[in-house]
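Undergrad: If you want the building blocks of each chain, they are given just below.
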Amino acid sequence: MKGTLLSFDYVRSPEGDLKFIEMNTDTTIAADQIEPSINWDGLFTVMQDISATKLDVIYKPEIHQPIVNHLSASAMSPSGSFITDFTHHKEDYRSIFPTAVEDAADKFILRLAYDDNAILDNTYCATGHAPLQLLNEYNSSSLAVPFFYSGSEGEVDLLTTSSNSLNIPDLAVKTKRDTWDALKFVKVRDWSTVKGELKEDYFLTNYLIHPSSEDTENAVSSYRSYGIAYGGGLNYMPLGGFQQYSQFSIPEVLDLADDGMNKVLDNKHYYEYSTSTIKSKQNYNGVFTTERLLAADNGALQASEINTGQAMKGFHIPGSPDTEDKATYIAWRHVGKSLPANSGVTSSVAVAASKVYPNIHNDLFSIHPSGSTEPVYIGVDAAIITYNSGSDTWAYRAPHQINQDLDYIFNTDSELVPISSSQHIILHQPTGSFFTVDIETNDNLVVDTADSNNEIVISFHNPPAKIEPPK
Amino acid sequence: MNKPIDPSLIYRSKQTATSPTGEVELGTSKVTYEDIQEMNVISEKILSLIVQKHS
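Just so you know, the protein sequences line up as chains C and L, in that order. The first sequence lines up with residues 1 to 471 when you count with the working numbering. The second sequence lines up with residues 472 to 526 when you count with the working numbering.
Hints are computed from structural coordinates only; laboratory data are not their basis. None of the values given here were measured: they were computed from a predicted structure. There may be inaccurate statements among the hints.
[Unchecked claim] Listed next, the in silico DSS-like pairs over lysine-lysine satisfying Cα-Cα at most 27 Å (straight line):
| hint | chain 1 | residue 1 | chain 2 | residue 2 |
| --- | --- | --- | --- | --- |
| 1 | C | Lys176 | L | Lys516 |
| 2 | L | Lys524 | C | Lys2 |
| 3 | C | Lys355 | L | Lys474 |
| 4 | C | Lys90 | C | Lys2 |
| 5 | L | Lys524 | C | Lys268 |
Pulled out of the complex, with its shape left as it was, chain C reads as follows (with noise of 0.2 Å):
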């Protein structure tokens, strides 16, 4: 038996009724927001009543290893005693072929990684109205949100023109193909102008918004449910889900020209309309332009003047990963409170120029260390070490993920320093660019924090080995 793990996005209309939005596969929810949203014992009983002992599982490391590492504890918990045989398939980030696994009445195959030979990857999750023609085509539309299409398969057009407040946009619009930027917003100030002005390259739906999410919450939310397809028949096995709210409240004002002209609203308000979880479709590793590394005399460094063979401090961690692979440096972990013994400043070497990412987003990060004068700003997908007194073990962090009441750097003498703000922060222009240098043997570098004689060490991982969007 074959199953294919999907997620499928709702909204809440004014109504009060939820309304289907898109589905996907590739799909991944917050290592946090597992244990309390999936549960595994549907999947469970339908290997029991199939007489299934086998589990295979094909995934991406990069993306689904929190949801595995679940499964495989739920595989070994009482509900899954019956399974014998736990096999995992890896496929690379890239990969839109997953291997094929050979089927057999004693094994139930679970696949979360996309595969563009399945119409229901490569049709229905790929590409987002999709499902939405196909509601509309079976008299079903009103289980879904209103949409606009206008393309190679017709014109399909069912939105409503009555406007939200102003403050809040009108319509969301979606590349027609899933791109890294495929989401926008639009305040609608003609609706008899705007579906020609942007059926070229996107799909449009009504932006829909309940009352309470204005009059009492002051955000935006969504809805996300987990579930198998499995069998030729695609039976549904639900495993759970959540509502998800955006990251920064609803503004009390949208700044746009008063000149009657349809407007999509600019980058910075992404994570005001949306509820996506914070991620970077880039590569934003590293520190921001107004940053320094730290040479292995203490120099502080920009990106410039970092080129192959220049020594760059260091600091080496006994015991973590010697890898770049991403998911395998994310995982690790050390309890307690001490950093391993014989942590400490060292130096290796940049085996490449400095890596510039221009910065194409509104967005970075910044910590400020209790006692420096100046904060440290970083790109999203920064890999911090700090040490955690909640969970009480040390790790590499993503930025969003600090929580300055519990999380703590370091210094040179391996005592920990508070971390007296950590802030996600939007930028009204995309500005500036991030940067980074891959180093050897020792892969972590060190920011310079100039201001206080750089006892205090804020350190992060080089670049992971290079990966690309899978579609």
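With chain C held as given, fit chain L onto it using these hints.
TA: This is chain L only, laid out in the frame that chain C set:
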């Protein structure tokens, strides 16, 4: 570009990874049994229509 970043360049900022307080937590999540059931019905319907269209 100098540090700290000029405030005129900053649109908004917020603290990362705040601890739960019981209020609406931006960027965090919750769900009810009824919401899940409502979603499951529609998800199942979509899959059945895909099968219907391609069989």
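Undergrad: Confirm or reject each hint.
TA: Each hint tested on the structure:
1. Only pairs whose Cα atoms come within 27 Å are accepted, and lysine 176 of chain C paired with lysine 516 of chain L is accepted, the gap being roughly 23 Å.
2. Of the pairs offered as hints, the one joining lysine 524 of chain L and lysine 2 of chain C holds, with about 20 Å between alpha carbons and a cut-off of 27 Å not exceeded.
3. Taking the CA atoms of lysine 355 of chain C and lysine 474 of chain L, the gap is about 21 Å. The hint holds against a cut of 27 Å.
4. Between the alpha carbons of lysine 90 of chain C and lysine 2 of chain C the distance comes to roughly 17 Å, so the proposed pair stays at or under 27 Å and holds.
5. Under the criterion of a C-alpha separation no larger than 27 Å, the hint pairing lysine 524 of chain L with lysine 268 of chain C is inconsistent with the structure, at around 40 Å.
Consistency with the previously given hints fails for number 5 only.
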